[in-house]
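Chemist: As you go down the protein sequences, you meet chains V and F in turn. Mind the numbering: the first sequence is residues 4 to 391 in my numbering, read in order. Mind the numbering: the second sequence is residues 4 to 391 in my numbering, read in order.
Do not take every clue at face value.
The list treats identical chains as interchangeable, and a pair is accepted whether it falls inside one copy or across any two copies.
Calculated pairs, DSSO-like style, for lysine-lysine (alpha carbon to alpha carbon, straight line, at most 27 Å) [unchecked claim]:
1. Lys354 <-> Lys286
2. Lys278 <-> Lys354
3. Lys354 <-> Lys178
4. Lys51 <-> Lys354
5. Lys25 <-> Lys353
6. Lys114 <-> Lys82
7. Lys353 <-> Lys278
8. Lys114 <-> Lys95
9. Lys114 <-> Lys354
10. Lys82 <-> Lys25
11. Lys25 <-> Lys60
12. Lys354 <-> Lys82
13. Lys286 <-> Lys82
14. Lys69 <-> Lys82
15. Lys178 <-> Lys358
16. Lys60 <-> Lys145
No lab work stands behind these hints, which were simulated from the structure alone.
Number of protein chains: 2
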Amino acid sequence: MQPNQNEKHNENHNENHNENNKQITFAIIGAGSGGRSFAVYLSNCGYKVNLVYRSKKNITRIRKHKIIDSQGEIPGEFKINMVTTSYRRALKGAQAILYVVPASVQSSITKQIAPFLEDGQIIVLNPGRTWGAIETYNLLSKYCPDLEIYVGETQTLLFTCRKQEDYGVNILRIKESIDCCFYPENQNLIVGSFITRIFPQFNMVNDIRITSLNNMGAIIHPAVTLLNAGSILRNEEFFFYQEGISPEITRLIEKIDSERCHIIEALGLEPITFKEWAQTCYKCRSESYYQIFLEIKSYQSIRAPQSLDVRYITEDIPTGLVPLSSLGRYLNISTPTINALIILANTLMKKNFWKIGRTIENIKLPFNYRRSQNFQYMTMDRPKILFE
Amino acid sequence: MQPNQNEKHNENHNENHNENNKQITFAIIGAGSGGRSFAVYLSNCGYKVNLVYRSKKNITRIRKHKIIDSQGEIPGEFKINMVTTSYRRALKGAQAILYVVPASVQSSITKQIAPFLEDGQIIVLNPGRTWGAIETYNLLSKYCPDLEIYVGETQTLLFTCRKQEDYGVNILRIKESIDCCFYPENQNLIVGSFITRIFPQFNMVNDIRITSLNNMGAIIHPAVTLLNAGSILRNEEFFFYQEGISPEITRLIEKIDSERCHIIEALGLEPITFKEWAQTCYKCRSESYYQIFLEIKSYQSIRAPQSLDVRYITEDIPTGLVPLSSLGRYLNISTPTINALIILANTLMKKNFWKIGRTIENIKLPFNYRRSQNFQYMTMDRPKILFE
């Protein structure tokens, strides 16, 4: 029997200054709010952290002092072993590599780090969005077919957090429980216990479709951003959830969520609605979707983006709404509301997200993706491909 | 040869106090900004005006004093013969009846006035939006088959105007030239000269598809309203065109306009783009759609609506975007952007505009609607129907 969450959490706290932890190195790719939160969390547990930043913007003091100033759930100043742009240096000897970057650049990161990967390293995408782990696994099969690399994804980012200029992070909330899965799923057996010892909030699930298709960012962000496009484009400041969402806009989110759930049902799986997810992640008790958005405390201070060229569009559409629409088309489930948002975003952003995005045509899904039951650990073979 | 616009306009001004005009009565249905502008315009020319109001809101002083206070292009105080809610009283003896109501209620008005119509009366829908005159003509064939009623529509409202509380109107602009057509088109021959003597800005065209399919409100209003839904729903005040439109949103308008023009081209007709229309109506000289919106002076002071339950949605979608989408489907022309807006509006407004709106299934189009040339006056017969 598994220990319950609280016991696990305490166990983890007791390990905070475990000397053994010093022997374990994490490479964190991405030094935005999420990457910094992971760095703080792991440094607090005594692990060695190599932080890779991709943009020189807002990193000066962290780079200079190798310290992250953290507020919120894990307050304090936390030492970082290495702050670098070099994948080679950061990955060398690391047990695990955490991607904390927009899902839309995961494939480009994979291509860049491939030459420096070492046998047995673990990659976790935080989060994978839809099909992140499958995409990464397929790319690695091509770039470094001879290495055994474990690739997993979480269903959402562990933290609700905001960057503090070039020196720190504000960890508004560590989510209670988030799903995690490796791909192919049999790899959970090999690396699942390692990862949940470090992150007791990670709930290992035995089906990659659970982490991939319960992509909540995609359900919320594009709708709210697009329905507020006018104000964003005229540089109005407003609180994204508190002011950007109205009962009418919540209806749209609920519609998108139901289109997503229909797809999951068509696969014969039990969908997790946004409401159920908010209950699990945020302990929400509200009945209506609108009330849920008002209830989630850590959402209250989140400001709207100041441009449409923002992850809420450029990440959530190509790695969220587009794959859902593509899968819906394949399963003959119509997704009119999801499609409507993609169509508007294409024109507003002068992009073709249908083409840039992940689709069943450009992501090689496993041949048994349509199976109606959760993954059974019947085989340790490499997955066969649905479309070649 | 027709006299040019200026000559016609002067001719009309000379008639302002023509004693004969007193013999001609207009019933104006709708006492909003458009209805008041027509009342002022006609009263200024010496015609008798019976004004029908449908809502008691903001009409008190006009009702009490039978005077409309007008600012802008036709300044002054103008006497109205009758201000009433009674269709019976207003229509009695009127030569012409002007509908100045949202197109979405035109059919209900037609049903209500049918018992009081008199042989030979002229109805003009200002504007018809898409298929207004055809819908009205078909309803009258059913409600009063024995009367000869002439039904026409304009392509846009003659005035750019705003209501002044319960006492007046501000006529920001009288458009230079707007298309007008009766249905079936052969009726232009009978009543065209009467109507252009009164409204020299009306340019009689010999094809009802020109006035119906060049529905510019539908191209602009829903897109701008929906992309600003967030701010409208949180009661932010902003100028609809000056602040609600950005280059990105203009791209969307241009896309919708091009979908509409493809439909018109598929009928073998020459479409009028929004840009060409703005050149004709507003003498715009700008090259880009975005600049056009900034250039139109009378747009500058127009404020955004304070709710989504507004004509920009509840009129322009069912009597603009829905018929365009429906016709596109029939002609095998895809209208993804138009459809996207309808889908979003359905959910936001909890309505089914596909069903409420005008479609080729519920409007009986003439059997020759797909003809590729303009109407030829070959027959005076009643039009045969495309779908029964």
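Chemist: Now, for every hint given, state plainly whether the structure supports it.
Modeler: Results of checking the hints against the structure:
1. Lys354 <-> Lys286: Close neither inside one copy (38 Å) nor across copies (33 Å); limit 27 Å.
2. Lys278 <-> Lys354: between (32 Å within a copy, 24 Å between copies)
3. Lys354 <-> Lys178: neither (34 Å within a copy, 37 Å between copies)
4. Lys51 <-> Lys354: This pair counts as neither: shortest intra-copy Cα distance 40 Å, inter-copy 56 Å.
5. Lys25 <-> Lys353: neither (48 Å within a copy, 57 Å between copies)
6. Lys114 <-> Lys82: neither (29 Å within a copy, 78 Å between copies)
7. Lys353 <-> Lys278: between (33 Å within a copy, 21 Å between copies)
8. Lys114 <-> Lys95: within (16 Å within a copy, 80 Å between copies)
9. Lys114 <-> Lys354: Answer is within; shortest intra-copy Cα gap is 23 Å, inter-copy 48 Å.
10. Lys82 <-> Lys25: within (12 Å within a copy, 91 Å between copies)
11. Lys25 <-> Lys60: Answer is neither; intra-copy 30 Å and inter-copy 75 Å both fail.
12. Lys354 <-> Lys82: Intra 41 Å, inter 56 Å, cutoff 27 Å: neither.
13. Lys286 <-> Lys82: This pair counts as neither: shortest intra-copy Cα distance 32 Å, inter-copy 66 Å.
14. Lys69 <-> Lys82: within (6 Å within a copy, 81 Å between copies)
15. Lys178 <-> Lys358: This pair counts as neither: shortest intra-copy Cα distance 33 Å, inter-copy 44 Å.
16. Lys60 <-> Lys145: Intra 33 Å, inter 71 Å, cutoff 27 Å: neither.
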